[in-house]
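Sequences are here, hints too, so could you generate the full structure?
2 protein chains.
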Amino acid sequence: MLARIGRATCVSASQRFLHVAVERNAAFGQISEKDVAFFEQLLGAGGVVTDPDALEPFNRDWQKKYVGNTKVALRPRTTEQVSELLRYCYSRRLAVVPQGGNTGLVGGSVPVFDEVVVSTAAMNRVLEFDEVSGTLVAQAGAVLQSLDEYAGQRGFMMPLDLGAKGSCHIGGNVSTNAGGLRLVRYGSLHGSVLGLQVVLPQPLAGAAGAGSGGGGGGGDGRVLDLLRTLRKDNTGYDLKQLFIGAEGTLGIITAVAIQCAPRPASVQLALLACPSFPAVTAALRTARRMLGEVLSAVEFLDSPCSHLATAHLEGVRNPLLQGGAAEGGGGGGGGEGVTHGSVGSAPFYMLVETHGSDADHDQQKMERFLEAVMGDGSVVDGTLAASEAQAKSIWRLREGVSEALVRRGAVYKYDVSLPTSSMYELVEALRARLAAAGFGADAGVLVVGYGHIGDGNLHLNISAPRYDDGLLSLIEPYVYEYVSRHNGSISAEHGIGLMKAQCLSYSKGPVAVELMRRIKEVVDPYGIMNPYKVLPPRPA
Amino acid sequence: MLARIGRATCVSASQRFLHVAVERNAAFGQISEKDVAFFEQLLGAGGVVTDPDALEPFNRDWQKKYVGNTKVALRPRTTEQVSELLRYCYSRRLAVVPQGGNTGLVGGSVPVFDEVVVSTAAMNRVLEFDEVSGTLVAQAGAVLQSLDEYAGQRGFMMPLDLGAKGSCHIGGNVSTNAGGLRLVRYGSLHGSVLGLQVVLPQPLAGAAGAGSGGGGGGGDGRVLDLLRTLRKDNTGYDLKQLFIGAEGTLGIITAVAIQCAPRPASVQLALLACPSFPAVTAALRTARRMLGEVLSAVEFLDSPCSHLATAHLEGVRNPLLQGGAAEGGGGGGGGEGVTHGSVGSAPFYMLVETHGSDADHDQQKMERFLEAVMGDGSVVDGTLAASEAQAKSIWRLREGVSEALVRRGAVYKYDVSLPTSSMYELVEALRARLAAAGFGADAGVLVVGYGHIGDGNLHLNISAPRYDDGLLSLIEPYVYEYVSRHNGSISAEHGIGLMKAQCLSYSKGPVAVELMRRIKEVVDPYGIMNPYKVLPPRPA
Ligand SMILES: Cc1cc2nc3c(=O)[nH]c(=O)nc-3n(C[C@H](O)[C@H](O)[C@H](O)COP(=O)(O)OP(=O)(O)OC[C@H]3O[C@@H](n4cnc5c(N)ncnc54)[C@H](O)[C@@H]3O)c2cc1C
Ligand SMILES: Cc1cc2nc3c(=O)[nH]c(=O)nc-3n(C[C@H](O)[C@H](O)[C@H](O)COP(=O)(O)OP(=O)(O)OC[C@H]3O[C@@H](n4cnc5c(N)ncnc54)[C@H](O)[C@@H]3O)c2cc1C
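In order, the protein sequence lines correspond to chains A and B.
Our numbering numbers the first residue of the first sequence as 1 and each following residue consecutively.
Our numbering numbers the first residue of the second sequence as 1 and each following residue consecutively.
Rather than coming from a laboratory, the hints here were simulated on the basis of the structure.
All C-beta atoms, glycine included, are put in the ideal place defined by N, C-alpha and C.
Do not rely on the hints blindly, as some may be mistaken.
Below, a list of computed lysine to any residue pairs in the SDA-like style, where the Cα atoms sit at most 25 Å apart [stated by the list, open to error]:
1. A:64 x B:44
2. A:232 x B:259
3. A:232 x B:63
4. B:34 x B:44
5. B:520 x A:521
6. B:232 x A:290
7. B:520 x A:239
8. A:64 x B:520
9. A:232 x B:44
Label pairs and their computed distance ranges (CB to CB) [to be verified]:
10. A:285 x B:478: 48 to 56 Å
11. B:409 x A:131: 36 to 44 Å
12. A:374 x B:367: 30 to 38 Å
13. B:442 x A:289: 40 to 48 Å
14. A:537 x B:525: 21 to 29 Å
15. B:538 x A:485: 55 to 63 Å
16. A:278 x B:359: 25 to 33 Å
17. B:126 x A:377: 31 to 39 Å
18. A:131 x B:371: 22 to 30 Å
19. A:40 x B:478: 44 to 52 Å
20. B:359 x A:390: 25 to 33 Å
21. B:390 x A:285: 32 to 40 Å
This is the structure:
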């Protein structure tokens, strides 16, 4: 097995998506038998994966788009083990990729070459829950949905929710600063994360007593212990914020303290059909005004997204359309309407959700809201979930879009912030641009838009029968330039990863990028933490 | 005038409060006539203050406790001027103190020796307001209350509110990560600040075209332009977070973008009397449950605080007590009850406020809440403000406590986070400790507690006839040790400043402190930004 380990000359599949070649950093060490022996001694045989088949899921991302070539994946169980293995990797200059649920969408969670994967999968314990204040402390590998269920049994809920909740880890959520479906109400992780424990690649303080681990001093001086559950703490720079969204390039998060929200006594969910995108934004404004403090989510999807989800996923239907199968509309191939706009359904759908403490009050507010939007024509059809099961099924329509896109074939994903009122113009402009170049619906290319409209966040996706460099070069840098011109962000929530590391300057100026680099160098002088990701290489 | 400028040998008054001497850093330059001439040429004569009388308010803090000895205060009007003056100070190694409204409570906003004061007072313009999304962009020197009025005229409100709102600047609020009265509802500035523009002491990127200023490149490479109004932006490290709460030690914030909240259609405010501290926390839990999403503030003050405010401030009364003057109770000297507990009134008061979109719903919720807390005995008396004027007058009782304390004499202020349920035990323990050492109520020493109980934040204050080192040595390090032992924070919101720079390690471990130092060194290699503050000196 170890014979197969050698210089990683593999050209990562991901390079196809970059327009730029990434070269392996020759300063990094290469895994040897001795290294594997050390890891096995530290973690036990069960904590070290070297079998090529077993390594495959560690090497390949959720989209099957980025494929690395690691020879070893580690599954530590404790902070002390993480600290010890980072000490070792640092001394051997072995590059490291932290991996949570591996649901990231920008190629950040898998190796580019032969980086060591450090998975948090075996670190999934809840460490503490305060039933009065709702503060939760968990190891970084706890799965978001399990934590939400745990909190739910105690009258609380996690302040974030997203389509990947069944597999993503809380440490991965924090590392990507995941936004998700309820940010509009519960805010970002920069506000709700109360504390973090992070293992740094480099020791920053004298070693504490041998074997002490954790605590203030922090093992051998590389454990940054900021694991508090205080709502307020202004003692020096708020260092934890640096790691929220750092995508594993500054250290490995081993535990997270987070403020849960009280579980709402009353939940309502409406699915609405809107005749145009301006109608969607009008309904959003009305929702803000009339649902006020109970509004908990506002999502939108265009009609092609609805069709994709119902066509490609088992049991998903759009209750505003007659019969699950009949909705193919215009009659495109493969059981889905690949034409745009003429699908015999509304061009846009919205999900509007409320969370409140009083069902009567919430219902009254929802009724008045629905009257208002139906009255002014911003909504032409709608349905209110009558049960939790119906609500789940409506959510599945929205949350299934990502998965449906991946099942359909190749997909180019962009996740941008733009001024809400004109957000959809990018979808239309790109659709026209691609069609004009022969990549229209007739060629099987779909340009679709959906996302967290309450936060000004558009998911722009291009679905195609196969990956095609010609198609890609029509999309990039066009999309980034468009977003930059409109003062948007080229990554609202998915992050930069490998996918956009060369594109950071579309959203951040040279002073900001240089400050990021210097912080990276201070924390990780050898650059072993998740290399090639997030920061563009310094110009020569 | 310039003849009086020389080596600052002045022993700052603040040293008395530190138990530790601070020595002027001899590497810093000293202001010369040439420097003043440069500043006058850059800012005009009106932008440069050198007259000793006119300098006095720049040298002295709000509590009149920290007094510096600057020879020059600057009042730039634009980011370009700030950039230019920092370039100059950097080249001359002149130390700099950024100053906003100078309402900070930890000696951070005034010079320790002869540092140059850079005031944001002349930078108070609103730059942009989006009437649909409620995003506001303003220069750093805009006064919080003016911004709230500006937003109010457009249907929005600032997401933070605090007693000093009439004088504090938004840049100062961000630099101290101010919490305030409504954090329980609108969250911390780490969540609501969308963007910042910061001038760094050191250039980090090549100079842009001469005179270009602002923009991506940023003047001469020291303008960090993160001034976006996007709700979501995950493009690299979230650098703005570093400056939120950095207390001027990393650069000068010149502009702030912030998410305003919709102004509530309905506001209610109750003042409640509670028979004990456990009753206060019981009422808090009930408020959380029954007021849910409309709860916007939960404050508490003990009876001595109420007495202080009514005794020392014009027109302030406690509506739950009969007649303004009669409430002196126990009959202590100076028109106030200096005894504890026996003041003929309830031992604790609470303010409970709601912000909602529907007055009927909110009233129903408040009525049910009041029934519940009166029913279970956690509240024994209460009043609901019947008008905005009454609400203002109740708020004045709570917000006036700080000012009343300062008027009464010397005051030692501590601002800690502790587990809510046992928070008041610190007040009682310290009261007993001081009384036992001869610093009881009969000696004119009051130990009082109030604060943002909804956030676990206690303001512990010791009021005394005069500052006394013997008294101080009974308070410190006792308070810090107590807080550290209970896993609290020695500064919930006021920050570290000069007051607690030597005490940071009560709340942060050595790895964290070292990482802060390294970040400071990367951004400010000569240490000219607000020296002697926040970070303890490196052990020799
Ligand atoms: C169906 C689907 C829906 C999604 N919906 C949303 C959405 O609504 N909102 C949103 O924001 N995102 C969404 N995402 C993407 C999102 O980023 C991830 O789902 C999630 O936050 C990543 O968590 P993870 O544990 O899978 O992390 P991974 O994918 O394993 O890792 C993501 C990044 O974080 C790093 N990392 C992981 N764990 C750690 C750690 N412990 N310490 C340091 N670094 C670490 C990795 O190196 C990598 O760079 C979605 C993804 C899918 C597949
Ligand atoms: C009556 C009263 C009530 C208060 N209530 C609260 C409360 O409820 N919650 C709370 O959190 N605080 C409270 N405070 C303290 C609080 O920190 C300040 O009122 C406020 O946030 C500071 O703003 P300022 O403009 O006065 O800043 P200053 O006092 O001028 O400065 C504070 C710190 O920030 C730095 N600074 C100021 N401006 C800038 C800038 N543009 N760039 C970089 N650094 C800068 C200074 O160097 C200093 O270190 C209160 C103070 C008073 C007097």
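Results for each hint:
1. Simply put, residue 64 of chain A and residue 44 of chain B have alpha-carbon atoms about 62 Å apart, too far for the 25 Å limit, and the pair is violated.
2. Pair hint residue 232 of chain A plus residue 259 of chain B holds up; C-alpha atoms about 20 Å apart against a cutoff of 25 Å.
3. Annotation: proposed proximity of residue 232 of chain A to residue 63 of chain B holds, straight-line Cα distance about 23 Å (limit 25 Å).
4. Under the criterion of a C-alpha separation no larger than 25 Å, the hint pairing residue 34 of chain B with residue 44 of chain B is consistent with the structure, at around 15 Å.
5. Simply put, residue 520 of chain B and residue 521 of chain A have alpha-carbon atoms about 14 Å apart, close enough for the 25 Å limit, and the pair holds.
6. Of the supplied pair hints, the one linking residue 232 of chain B and residue 290 of chain A holds, its CA atoms being roughly 24 Å apart against a limit of 25 Å.
7. About 12 Å separates the Cα atoms of residue 520 of chain B and residue 239 of chain A, which keeps this hinted pair within 25 Å; it holds.
8. The suggested pairing of residue 64 of chain A with residue 520 of chain B is violated, with an alpha-carbon distance near 41 Å, which exceeds 25 Å.
9. Taken as a hint, the residue 232 of chain A and residue 44 of chain B pair is broken in the structure, with Cα atoms around 42 Å apart against an allowance of 25 Å.
10. Distance hint check: the CB atoms of residue 285 of chain A and residue 478 of chain B are about 54 Å apart, consistent with the given range 48 to 56 Å.
11. Residue 409 of chain B and residue 131 of chain A have their C-beta atoms about 43 Å apart, which keeps the hinted 36 to 44 Å range intact.
12. In this structure the supplied range 30 to 38 Å holds for residue 374 of chain A paired with residue 367 of chain B, their Cβ-Cβ distance being about 32 Å.
13. The hinted range of 40 to 48 Å is not satisfied by residue 442 of chain B and residue 289 of chain A, whose Cβ atoms lie roughly 58 Å apart.
14. Roughly 24 Å separates the CB atoms of residue 537 of chain A and residue 525 of chain B, a value that falls within the hinted 21 to 29 Å.
15. A C-beta distance of roughly 46 Å is found between residue 538 of chain B and residue 485 of chain A, which places it outside the suggested range of 55 to 63 Å.
16. For the pair residue 278 of chain A and residue 359 of chain B, the supplied restraint of 25 to 33 Å holds, since their beta-carbon distance comes to about 31 Å.
17. For the pair residue 126 of chain B and residue 377 of chain A, the beta carbons lie near 35 Å from each other, so the given range of 31 to 39 Å is met.
18. At roughly 25 Å, the beta-carbon separation of residue 131 of chain A and residue 371 of chain B lies within the given 22 to 30 Å, and the hint holds.
19. About 50 Å separates the C-beta atoms of residue 40 of chain A and residue 478 of chain B, a value consistent with the hinted range of 44 to 52 Å.
20. For the hinted restraint 25 to 33 Å between residue 359 of chain B and residue 390 of chain A, the CB-CB distance of approximately 32 Å keeps it satisfied.
21. Between residue 390 of chain B and residue 285 of chain A the C-beta distance comes to about 33 Å, which sits within the given range of 32 to 40 Å.
Consistency with the previously given hints fails for numbers 1, 8, 9, 13, 15, ordered from lowest to highest.
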